[in-house]
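> All chains, please: the whole structure from these sequences, using the hints.
First to last, the sequence lines map onto chains A and B. For what it's worth, my numbering labels the leading residue of the first sequence as 7, then goes sequentially. For what it's worth, my numbering labels the leading residue of the second sequence as 7, then goes sequentially.
Heads up, some of the hints might be wrong.
[Said to hold, decoys possible] Simulated DEER-style distance windows between Cβ atoms:
| no. | chain 1 | residue 1 | chain 2 | residue 2 | range |
| --- | --- | --- | --- | --- | --- |
| 1 | B | Glu271 | A | Ser246 | 16 to 24 Å |
| 2 | B | Ser246 | A | Gly154 | 23 to 31 Å |
| 3 | A | Ala356 | B | Gly192 | 30 to 38 Å |
| 4 | B | Asp299 | A | Gly192 | 19 to 27 Å |
[Unchecked claim] Coverage of chain B stretches by chain A, computed from C-beta distances (three or more under 8 Å per stretch; other residues unrestricted):
| no. | segment |
| --- | --- |
| 5 | 245-256 |
| 6 | 262-273 |
| 7 | 288-297 |
Source of the hints: derived by calculation from the structure; they are not laboratory data. Backbone N, C-alpha and C define an ideal beta-carbon position, used for all residues, glycine too.
Protein chains: 2
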Amino acid sequence: MIRKPALAVVGATGAVGAVMLQIVSQHEDVWGDVRLVASPRSAGRKLAVRGEETEVVALSEEALEGIDVALFLVPAEVSAQWAPIAAAKGAVVVDSSAAFRADAEVPLVVPEINPHALRVRPRGIVASPHDTTLAMIPAIGALHAEFGLDELVVSSYQAVSGAGRDAVAALRTQMSLVAGTELGTGPGDVRRAVGDELGPFAAPLALNVVPWSGTVEDGGWSSEELGLRAETRKILGLPSLRVSATFVRVPVITTHSLAVHARFESEVTVERAHDILATSPAVVLYDDPEAADFPTPADVVGTDPTWVGRVRRAMDDPCALDLFLCADNLRKGAALNSAQIAEAVAAELASPASPGNPVRGRSGSL
Amino acid sequence: MIRKPALAVVGATGAVGAVMLQIVSQHEDVWGDVRLVASPRSAGRKLAVRGEETEVVALSEEALEGIDVALFLVPAEVSAQWAPIAAAKGAVVVDSSAAFRADAEVPLVVPEINPHALRVRPRGIVASPHDTTLAMIPAIGALHAEFGLDELVVSSYQAVSGAGRDAVAALRTQMSLVAGTELGTGPGDVRRAVGDELGPFAAPLALNVVPWSGTVEDGGWSSEELGLRAETRKILGLPSLRVSATFVRVPVITTHSLAVHARFESEVTVERAHDILATSPAVVLYDDPEAADFPTPADVVGTDPTWVGRVRRAMDDPCALDLFLCADNLRKGAALNSAQIAEAVAAELASPASPGNPVRGRSGSL
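Okay, here's the thing in structure tokens:
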């Protein structure tokens with residue numbers, strides 16, 4: 007391929023889309039045309055990308071013509087409908103939604119951890135994991151490579167922006183309603199003050215935490231908890247990995263945090279875990295409690311890596327580590343990982359070996 | 007004992023003291039004199055208890071004369087100094103601090119779980135567990151009695167009032183500084199806005215979570231994480247119970263939440279766990295995700311029990327349960343449990359069998 011590949015950003019006007027346009031503008035420019043696509047009601051808006059005001063076009067078959075790589079940053083039902091159309095038109099689709107993550111014919115890729123998976127994509131679609139999985143995988147994948155992962159117990163502290171712009175607006179409104187008051191000390195007083203301003207949540211988030219994210223599934227699990235288990239198994243190639251998770255939303259705008267108890271096949275030490283984490287791509291080790299060095303969402307937001315601290319060997323299990331990590335759910339957790347996948351595809355398309363690559367005209371043959 | 011026992015509330019002017027005076031005023035009145043004691047700078051203040059304005063006296067040897075039960079709701083260093091003095095003067099001390107929790111000669115009591123431990127108190131002192139342990143024990147103790155506890159992995163979502171009144175004031179100030187802004191989306195923007203208003207915390211709490219509470223101990227553990235392990239082992243009589251914990255402070259005023267992964271010796275079912283939790287004292291089962299019924303701090307604050315929801319059997323371990331629970335850290339977590347212990351002691355003093363009780367004149371003989 008002599009010309010640079012053409013990129014479509016589908017969902018350019020959303021919260022993740024906004025971060026994606028920043029990333030495309032800031033990273034090394036590997037793209038030819040960059041087409042911004044969104045729902046018809048956003049068509050005609052102009053957004054800045056690579057220093058140029060660019061008009062948003064409505065999602066349609068025509069909008070997907072001549073595209074080499076299509077980044078889908080839209081709800082799962084939109085991806086389910088339109089990603090196969092883009093793939094049929096010859097684009098490699100990088101989808102950030104849940105639509106294809108469980109599809110055995112769609113690789114689920116974190117470039118630092120399983121880049122090899124990218125090359126086998128029979129449907130012409132590559133999926134990016136859920137933001138919560140992505141917060142964890144760079145660190146846990148690196149530790150797995152050394153120690154052999156056996157079991158995970160995960161508790162989340164999830165930011166509201168993972169639930170969309172309405173969720174952020176709801177928390178902002180709630181913060182204004184409770185700030186300057188003495189609320190938060192009597193049963194239901196925050197709920198009464200917040201009234202109908204719940205946004206997409208079942209309970210207030212200001213001065214509260216809510217132990218739910220996702221849809222209700224069998225056994226009382228949430229779809230997101232089950233997703234962490236399925237995605238971690240798929241990415242790490244561990245189909246019978248034991249995973250338990252409890253997902254909790256907290257009043258943070260952006261950046262997910264996770265407390266992780268990870269049991270391995272071999273004995274661990276904090277020193278070796280520190281060495282691994284300090285030298286792994288997409289991970290920053292920040293771990294000195296004496297100096298109050300541990301990651302918090304307010305310090306991590308807007309940065310690319312997963313920040314890891316509170317690394318301890320379990321007191322009663324020499325094969326287990328306890329740790330706490332934070333990652334910006336709109337960057338590595340969504341836009342950045344998808345951008346990295348797209349850039350890897352672009353590099354493959356530009357490579358002299360690309361005649362042998364699986365990108366075009368081979369749907370179903372791999 | 008014909009007269010009702012005399013009660014001293016030491017630390018009456020603190021946050022837990024305020025809740026204690028409510029409880030003493032609302033519960034069945036088992037007390038004769040109620041003496042309010044605090045630091046010399048609070049002496050002379052008047053506080054309402056049992057409908058009467060009562061003058062606060064300064065902590066001194068004299069203030070502890072003639073007291074049958076002394077409730078200590080003060081920092082550990084104050085308890086360490088004064089509780090033995092009160093005991094030497096004949097009072098049974100109920101201490102809510104960490105000073106004596108690890109002392110083998112001091113029982114650590116949750117009346118619903120290990121009431122028998124109360125009767126053996128060679129030092130004349132009974133300790134109440136830390137608020138985080140107390141949030142968990144009524145539910146986990148009940149499940150242990152049925153299934154036999156083998157291992158706990160706990161993540162906390164701790165309210166700021168557990169760190170005292172300065173902590174609450176700091177979060178209130180921080181909330182006012184960030185409400186109505188667009189903060190929380192750039193690295194350090196919340197930290198800059200909060201400035202010096204951190205209170206006792208190492209990082210902002212508004213629009214943030216902070217993975218630390220307690221002092222730094224060996225291996226990177228916090229004193230509170232180690233305390234959960236030691237206290238749970240002592241209360242349940244399981245000296246080699248495996249416990250891992252990661253403690254995280256969240257922007258909630260009052261009510262601690264915990265995500266708990268509990269492994270048992272025998273196979274569990276959600277149905278049986280529900281039956282146990284629904285019929286256990288000091289526990290409310292609130293668990294129907296379809297109806298958005300799960301406990302949150304804003305709904306639980308101001309109530310006495312531990313509220314439990316999100317009860318699930320681990321998908322990859324038939325002997326493990328995952329659950330989420332909330333309890334008011336100033337009520338069951340501090341004042342209420344201490345009050346319950348004190349009332350049990352009062353009942354013992356009033357009982358016809360009390361000549362055989364170990365309360366008075368027997369220090370060191372048990």
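> A separate judgement is required for each hint: does it hold in the structure or not?
Here's how the hints hold up against the structure:
| no. | hint | in the structure |
| --- | --- | --- |
| 1 | Glu271/B with Ser246/A: 16 to 24 Å | 23 Å, holds |
| 2 | Ser246/B with Gly154/A: 23 to 31 Å | 26 Å, holds |
| 3 | Ala356/A with Gly192/B: 30 to 38 Å | 34 Å, holds |
| 4 | Asp299/B with Gly192/A: 19 to 27 Å | 20 Å, holds |
| 5 | 245-256 | holds (count 9) |
| 6 | 262-273 | holds (count 3) |
| 7 | 288-297 | holds (count 3) |
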